[in-house]
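Novice: Here the protein sequences come in this chain order: A and B. The end of the first sequence is residue 331 by the working numbering, with every number in the run present. The end of the second sequence is residue 276 by the working numbering, with every number in the run present.
Calculated directly from the structure, the hints in this document are not laboratory data. Where a beta carbon is used, it is the ideal one built from N, C-alpha and C, also for glycine. It is possible that some hints are incorrect.
Stated by the list, open to error - Partial chain A-side listing against chain B, Cβ under 7 angstroms, derived: (1) S39; (2) G42; (3) M116; (4) F120; (5) A176; (6) V183; (7) Y195; (8) P220; (9) N223; (10) R238; (11) R277; (12) V280; (13) V314; (14) R320; (15) V321.
As the list claims (entries may be wrong) - Below, in silico cross-link-like pairs of lysine-lysine (DSS-like), each with a Cα-Cα straight-line distance of 30 angstroms or less: (16) K43/A to K14/B; (17) K254/A to K239/B; (18) K59/B to K43/A; (19) K257/A to K43/A; (20) K239/B to K121/A; (21) K21/B to K171/B; (22) K59/B to K14/B; (23) K239/B to K237/A; (24) K43/A to K21/B; (25) K254/A to K14/B; (26) K171/B to K14/B; (27) K257/A to K237/A.
Unchecked claim - To give an idea of the interface, some chain A residues facing chain B are shown, with a C-beta separation under 7 angstroms as derived from the structure: (28) N47; (29) W131; (30) L132; (31) K257.
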Amino acid sequence: MSDQEVRPGREALTGVATGRKRRRKRGEQPMVPDAEFTSYYGKPIINGPVWHSPDIPGYLFLGGLAGASSLLGAGAQATGRGTLALAAKTGAFGAISLSLVALVHDLGRPERFLNMLRVFKVTSPMSVGSWLLSAYGPLAGAAAASAVTGKLPRVGAAATVGAAAFGPAVAAYTAALVSDTAVPAWHDGYREMPYLFVGSGASAAGGLGLLAAPERECAPARNLALFGSALEIGALKRMEHRLGMVAEPYHSGKGGKYLRAAEILSAAGVAGAALGRGWVRRLSGAALIAASAATRWGIFHAGLDSAEDPKYTVVPQRQRVTTAAEGNSSG
Amino acid sequence: MGFFTDTSVCIGCKACEVACKEWNAVPEDGIALTGMSYDNTVGLGADTWRHVAFIEQRKPISRQDSGLHHDTDVLAMAADEPSTDFRWLMSSDVCKHCTEAACLDVCPTGSLFRTEFGTVVVQEDICNGCGYCIPACPYGVIDQRDGDGRAWKCTLCYDRLGQGQEPACAKACPTDSIQFGPLDELRERAQNRVEQLQDAGVADARLYGESPDDGVGGDGAFFLLLDEPEVYGLPPDPKVTTRDLPAMWRHVGTAAVTLVGGALAAFAATALGGRK
Numbered sequence: 001m002s003d004q005e006v007r008p009g010r011e012a013l014t015g016v017a018t019g020r021k022r023r024r025k026r027g028e029q030p031m032v033p034d035a036e037f038t039s040y041y042g043k044p045i046i047n048g049p050v051w052h053s054p055d056i057p058g059y060l061f062l063g064g065l066a067g068a069s070s071l072l073g074a075g076a077q078a079t080g081r082g083t084l085a086l087a088a089k090t091g092a093f094g095a096i097s098l099s100l101v102a103l104v105h106d107l108g109r110p111e112r113f114l115n116m117l118r119v120f121k122v123t124s125p126m127s128v129g130s131w132l133l134s135a136y137g138p139l140a141g142a143a144a145a146s147a148v149t150g151k152l153p154r155v156g157a158a159a160t161v162g163a164a165a166f167g168p169a170v171a172a173y174t175a176a177l178v179s180d181t182a183v184p185a186w187h188d189g190y191r192e193m194p195y196l197f198v199g200s201g202a203s204a205a206g207g208l209g210l211l212a213a214p215e216r217e218c219a220p221a222r223n224l225a226l227f228g229s230a231l232e233i234g235a236l237k238r239m240e241h242r243l244g245m246v247a248e249p250y251h252s253g254k255g256g257k258y259l260r261a262a263e264i265l266s267a268a269g270v271a272g273a274a275l276g277r278g279w280v281r282r283l284s285g286a287a288l289i290a291a292s293a294a295t296r297w298g299i300f301h302a303g304l305d306s307a308e309d310p311k312y313t314v315v316p317q318r319q320r321v322t323t324a325a326e327g328n329s330s331g
Numbered sequence: 001m002g003f004f005t006d007t008s009v010c011i012g013c014k015a016c017e018v019a020c021k022e023w024n025a026v027p028e029d030g031i032a033l034t035g036m037s038y039d040n041t042v043g044l045g046a047d048t049w050r051h052v053a054f055i056e057q058r059k060p061i062s063r064q065d066s067g068l069h070h071d072t073d074v075l076a077m078a079a080d081e082p083s084t085d086f087r088w089l090m091s092s093d094v095c096k097h098c099t100e101a102a103c104l105d106v107c108p109t110g111s112l113f114r115t116e117f118g119t120v121v122v123q124e125d126i127c128n129g130c131g132y133c134i135p136a137c138p139y140g141v142i143d144q145r146d147g148d149g150r151a152w153k154c155t156l157c158y159d160r161l162g163q164g165q166e167p168a169c170a171k172a173c174p175t176d177s178i179q180f181g182p183l184d185e186l187r188e189r190a191q192n193r194v195e196q197l198q199d200a201g202v203a204d205a206r207l208y209g210e211s212p213d214d215g216v217g218g219d220g221a222f223f224l225l226l227d228e229p230e231v232y233g234l235p236p237d238p239k240v241t242t243r244d245l246p247a248m249w250r251h252v253g254t255a256a257v258t259l260v261g262g263a264l265a266a267f268a269a270t271a272l273g274g275r276k
């Protein structure tokens, strides 16, 4: 008697390959062979993230936008591009402030953020991130305030340099934040995720520059946007390829929809940025910002989906056990 | 100190679930029937710190007997009659109190700590509800309580241990399926039990989470299972999520440098290319 046998009319089955809805697309190269998959009534193995949209994907997006904008702002200031510098600095401060609002909203109460500053732990990307934000936020604020009011230019310049020094870390650390979990689509992608995140941040910051700065000042923003989009798309493709079956949530479900939208917006934004002037350039800047946001939403929802389906937890682990056992018996 | 849960003698009475709730004053988490099996708590969560899994399997078992006919020689019956093709597996799941605990590692507030008994406990007055420990747990144990926002899980009855008592679930277990004690003692007992079962023809009997060399440095709560771990809703080869963290930080560092390089190049290109 095979334990594969399914009694008709009975929905709850254990110890059988459950015919889940998500099927592998035809022609796609699976990384692991179709392992016989068993689960406990199809229930998830891990408890999925309790983080909510738009708070957390917004937090990821705004952190990237802010961090990369601080770099753009510092560069613009150094090269005498006043309007671009102003836009990038105020954009950075606005984005980081909103991201803090999103984080506090997800925590429930503002004083809960302070609990994060009780300790400093390198084993916790969230702890590292809280300290980073505490250092970066005021610097970005001072840089923006000085740029807007024109007062204390020396302090403003120092804050601009300081914000640019912390900015890349702010843009990149959120990749470790999501990867340092048992969520398969996030954890397994830890090699590419930081490049994806800084690329996404750079294309958003470049997009902001294209949107806000006049034509004569926007060349570096255009270059940064093109660089960021290429890095973002390259890292995502590489990650999907390497993850094989675990990457399925990146092209199916809600995550897949957002990432497809991101791809289209990104392509349109890149084309517009490279060729367009005037309103086309401004529109393409907005498209690039939207593409960056859509990428984060896509990554977020794909992670949630991969946590929900026990297949993504069990199959790779089972594969690992089998490979290890074969290695032992042959070696 | 830790748990050894011998699922081969679990009778699915749920006394452990009830004792845990009563002792720890864990709120009710919805009194609903799932219709899925006798399991109505479904899995571990903020308000379910012990969970009894019920698995109905079409798999041969070396005979289950009601034990009602005391006049017969059950051993002779087992030898004579063909085995049935249906079996129940029951297993009481709990927080594994990992030696390398991802929840503890990623907690940004220091709310989770390692006790003097080697167990992992959440301090509810410090937890800020960030929820990071929840997806970090490779076993899906810790969870967020509705309307509270903070994370809760088994404390291995930290308060009872301090008084020299055993945890409520182990105390309540009528079949000694849940055993509590020093880990090395439990591991030895478990090894004897699994050998005894395998000698009796239960080839599928195996220990889960007992090895200090596994992906989480060994579990403070380990199990004797009668099938693959995933059948019980357990991960086959869990790894502490922070094991890859050094590599993650390296990639984050390289990515940050890449971003700086990209920004520098973006400005350099305007100077070199003569573009405004």
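Novice: Tell me, which hint numbers fail for this structure?
Specialist: 2, 4, 10, 11, 12, 25, 29, 30, 31
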